[in-house]
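S.K.: Chains as they are written, first to last, in numbering that gives the first Met the number 0: chain A, 0 to 133; chain B, 0 to 149.
Worth flagging that the hints you see were computed from the coordinates, not collected in a lab. All C-beta atoms, glycine included, are put in the ideal place defined by N, C-alpha and C. A couple of the hints might just be wrong.
Label pairs and their in silico Cβ distance ranges [what the hints assert, rightly or not]:
1. GLU12(A) to ALA148(B): 56 to 62 Å
2. VAL101(A) to SER124(B): 33 to 39 Å
3. SER105(A) to ARG120(B): 39 to 45 Å
4. ALA50(B) to GLU121(A): 56 to 62 Å
5. GLU138(B) to ASP57(A): 52 to 58 Å
6. GLY18(B) to SER105(A): 46 to 52 Å
7. ARG116(A) to ALA123(B): 31 to 37 Å
8. TYR96(B) to GLU50(A): 38 to 44 Å
9. ARG143(B) to SER105(A): 56 to 62 Å
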Amino acid sequence: MTTQEIAPKEKQEATEAQQTKAGRYYVPDVDIREDEQALWLWADIPGVKQENIAVDLDHGVLTLRGDVTLEDYESLTPVYTEYNVGNFVRRFTLPSTSHLDVEGISARVSNGVLEVRLPKSEKARQRRIPVKAA
Amino acid sequence: MALVSWRGGSLDDLLHLQGALGKLLENPTLGWNMGPSSASVFPPIDVFADAEGGLVVRAEAPGVDPEKLDIQIEPGRLTLSGERLPSETAGAPGNGYHRRERRFGRFSRSVQLPRDLDPSRADASYKDGMVTIRLPKAEEAKPRRISIAS
């Protein structure tokens, strides 16, 4: 797995019509994994500072948003380009928030990767029912 | 190419930058010719000219441990290589994934550089998943005004 070459991939532009701000928005690449205790989410948001990240949960919709830092591009003229610069936004409809411990949701960012942990509520945790011999 | 300045509101800044980058993305012949398009290789790289004639190379490389990032500069060439690994909290690979869009593994990319830069004064940083390499123009390559003795 670790020796595998990274596959080519292009940034996808967010096409949602409801963005009120002008400019291009991009869809961050995301991994979502579920384990016994929680739902984990990782999103690539390069160039976004911690204070410019917003994670919101509203009516079962989880919104991730990150605004890029433009200071680093001041007084620079592009001469060769493979990526465009834009803010990141992505929304997920959670299957059912009653299965999640909403108060326990936590998020952190490290090296441009946002990690969100959505712990499952007690009743939603997987249980194995012991089978007794009759 | 005209020097674009990004003063004013941050929205104007963003629109300016996106416009300038978009023009190059749509029409690569405007900028440097780097051979066949490598527009979808990890990590994507942008190259900028700074106000003093130097170059700034930026790469979007989120989730790379800076310890595993290697930057080599030789005359006319810059190589960026490293390895991107899943987060330690991700557990064993292959289990319980609902979505897998992020890719991991080793990467290596090279960028051709003009010869009039001074690699000995180059500096590199890694912040918020962005690699930034600044290569100042060599002093001897800078224009000099010669005063005329009367």
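S.K.: Next, verify each hint and record whether it holds.
M.R.: Here's how the hints hold up against the structure:
1. GLU12(A) to ALA148(B): 56 to 62 Å: At 59 Å between Cβs, range holds.
2. VAL101(A) to SER124(B): 33 to 39 Å: 38 Å, holds
3. SER105(A) to ARG120(B): 39 to 45 Å: 43 Å, holds
4. ALA50(B) to GLU121(A): 56 to 62 Å: This hint holds: roughly 59 Å between Cβ atoms.
5. GLU138(B) to ASP57(A): 52 to 58 Å: Hint holds: Cβ distance 56 Å, inside 52 to 58 Å.
6. GLY18(B) to SER105(A): 46 to 52 Å: At 38 Å between Cβs, range violated.
7. ARG116(A) to ALA123(B): 31 to 37 Å: 32 Å, holds
8. TYR96(B) to GLU50(A): 38 to 44 Å: Given about 30 Å between the Cβ atoms, the range is violated.
9. ARG143(B) to SER105(A): 56 to 62 Å: For ARG143(B) and SER105(A) the Cβ distance comes to about 58 Å; the hint holds.
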